[in-house]
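Can you make the complete structure from the sequences, with help from the hints?
Next come the chains, spelled out residue by residue.
2 protein chains.
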Amino acid sequence: VASQPAIAAAPDPLPSWNDGPSKQAIVKFVADTTRQGSTTFVAPEARIAVFDNDGTLWSEQPAYFQLLFALDRVKALAPQHPDWKTKQPFKGVIEGDTKAVMASGEKGLLELIAVTHAGMTTEEFSKTVTDWIATAKHPRFKRPYNELVFQPMLEVLAYLRANGFKTYIVSGGGIEFMRPWASKVYGIPPEQIVGSSGKVKYEIRNGKPVLVKLAEVDFVDDKEGKPAGINKFIGRVPVFAFGNSDGDHQMLQWTAAGGGTRFMGIVHHTDAKREWAYDRKSHIGTLDKAWDEATQKGWTVVDMQKEWKVIYPWEQK
Amino acid sequence: VASQPAIAAAPDPLPSWNDGPSKQAIVKFVADTTRQGSTTFVAPEARIAVFDNDGTLWSEQPAYFQLLFALDRVKALAPQHPDWKTKQPFKGVIEGDTKAVMASGEKGLLELIAVTHAGMTTEEFSKTVTDWIATAKHPRFKRPYNELVFQPMLEVLAYLRANGFKTYIVSGGGIEFMRPWASKVYGIPPEQIVGSSGKVKYEIRNGKPVLVKLAEVDFVDDKEGKPAGINKFIGRVPVFAFGNSDGDHQMLQWTAAGGGTRFMGIVHHTDAKREWAYDRKSHIGTLDKAWDEATQKGWTVVDMQKEWKVIYPWEQK
Ligand SMILES: [Ca+2]
Ligand SMILES: [Ca+2]
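Chains as they are written, first to last, in the numbering used here: chain A, 1 to 317; chain B, 1001 to 1317.
If you're looking for bench data, these hints aren't it; they were derived computationally from the structure.
Nothing false has been slipped in among the hints.
Below, simulated DSS-like cross-link-like pairs (lysine-lysine); rule was C-alpha separation at most 30 Å, straight line:
1) B:LYS1223 with A:LYS127
2) B:LYS1309 with B:LYS1142
3) B:LYS1184 with A:LYS166
4) A:LYS201 with B:LYS1199
5) A:LYS87 with A:LYS137
6) A:LYS281 with B:LYS1201
7) A:LYS208 with B:LYS1297
8) A:LYS91 with A:LYS199
9) B:LYS1201 with A:LYS223
10) A:LYS223 with B:LYS1208
11) A:LYS208 with B:LYS1028
12) B:LYS1201 with A:LYS297
13) B:LYS1166 with A:LYS208
14) B:LYS1281 with A:LYS208
Structure below.
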C-alpha cells in the first residue's frame, strides 16, 4: 500500500489581499456559488461578473486616462491644425493651460473628444490607442498607463474565471478605447467589454468596407446607463459587481436586486501615499450615495490602504 | 499486446445536408481553420461566427414571427383598450383585416410595435414572449414557432461550436424577442445575441430596480447596422457569416473584408413545397444585391430544395 501523499495547502487565490473583511467576502461568495447542491449555488451559465474600469481596475488620477489620451492626441494633431494655436480649448491643451481648458466647459470637452475620437475608421482609432498605450507615460509613475492596474483586482478576475465566471467590463469609458489592450492586461476579450460608444457609419473605401467614427454619441454607459448597457449587451443580471463610485450605484443596485447569492463590491480609494485618497467630495470618481447604500445594505467596501498588500503589479516581490 | 480496436468512421457532423457544394464548403472551412500550423488556421479566440435569424435559422413566412407576435398581443390586449375597436391599425388587427393594417403604413406598424413592445418592464416583456412561444401556433404548420427552425442550420451551429467557434445571432429582429428562447433552441446564450433594440429607462418600483421599455428606437441592427452592431457588441470581425437576404449584405461584405480564411453563406429559399420559395421580388427577405455579389465572389449560396434533406427537426427519421 502506497503511503498517503502529504496534502498540500491550496495556493492562496488572492495573495495581494490582506486577510480582511473584503477578502473573506469574496472567498465566501465563490465558495457559496460553486458548492454543488447548496441553496447558494449558481449555475455556471449564470456566473456573470461585471467590473467598472476607471478607479476599479486601474487608476483614474489625475484625470481619466482616456481624457489624457485625448489631450495627447490634440498635441500630436496640432501641426495639421494651425488654427488651434489661437482657438480654445485647443490652445489651452497645446500650451498646457489647464485653467483655459476647464473654462471651455462641457462644450470644450466634447470638442476635444470629437476631434480625437471621430472622423477616422474604427481600425485607425484602434491603432492610435494601441500606439498611445505602448508609448505614453503616466505623469506621476512614469510608466505606461496599462501598468497602473490594480494587482488585487487582477487576482479577483483570475479567481472568478478559474471558478467558471465570465468576467465583463462595464465602464463609462469608450468601448473602443478599452478593447485594444484589455484582453492582454485583464484577460477580458473584446466581446466582454461594455462601455460608452459613438455612432459609426458604414462605407466602402477603395473597395473595402470600413466603419467611420462619427462625432455623435450612441450610448452613455454610466449611472442609469450601466443596467441598460448590461441588459443590452449581456441580457442577464450579474451575480457579482464591483465599482468605485456613484457612477456604479445603479449597476450595484441592479445586481443586488436579482435573486439568489450576490456580491456587490466597492473599491474605496483610501491610500494617498501609494495611490490616491478621495471619495465624497472628489470631482473624479465621486463616492457618496453608493457608499451610503453599501453601508446600509452590507455591501463590501474595500479599504485599499488597509486591505491591499500592493496596489500595482510592479510592487510585487 | 492488445489488438488494435477498429477505427470507427467519424460520424457525419452535418447529416441533414446532401453532399453538395455548400456542405463541402462548410466542412472545408472548418478543416482549414482548425488545422494547426497551416496558413489557413484561425486562432481559437478569433473563431467568431455570426448568423442572421429570420430566414436563416428559422422561417419568416407568411410574415416575420415577431410581427405575428405583435398582432397576437394586440388581440390579447384589446379587451383593455375598447377604443381600438374603432381605431386603425388596431381595428384591422382585431378583425383580421390585413388590408386595413397594411393601409396604415409604417406609422401604423410603429404604433403596433409601440403598444406591444413598450410600456412594460424588460422582465414583463420577457415573460410575454416566453408565454407566446409556449402557446402560439404557426398558421401553416400548426406548431410552436420555435419548431420552425432549420435542422441543417442547427447542425452547422453545433458543428462550429464543437470546433471552438463562438456562435452569435446578428438579427434585424429585437434582442429581447430572441433571448427568452434562443438559448434552448439554438444553444446560443443571451450575451451572444445581437439585434435591434429599444431604449429603456431605469426606475425603482416598490423598492426594486426595473428597466422600463420605451417606445423609442435605440438601434436598428439591419443592413449597414449589422457591421455596426457586430463592431459594438463583439468588437471583432467574424470569420464566418450566414444570412439570407439583402439585409445581410453588409455583414457578409464586412466578414469577407477581414484577412485570412473566411466563409460567407446565404440560405436561398427555393423550396415552395417544404418551406417557401422567394428571392428578388419578395417583400420579406428580399435576396437580390447580396445574391449578385455572392455569385461574383464565390460565396456559398445554399439551394435549400436541393441541399437540405430535411427542413425542420420534426421531419427527421
Ligand atoms: Ca469608476
Ligand atoms: Ca433574414
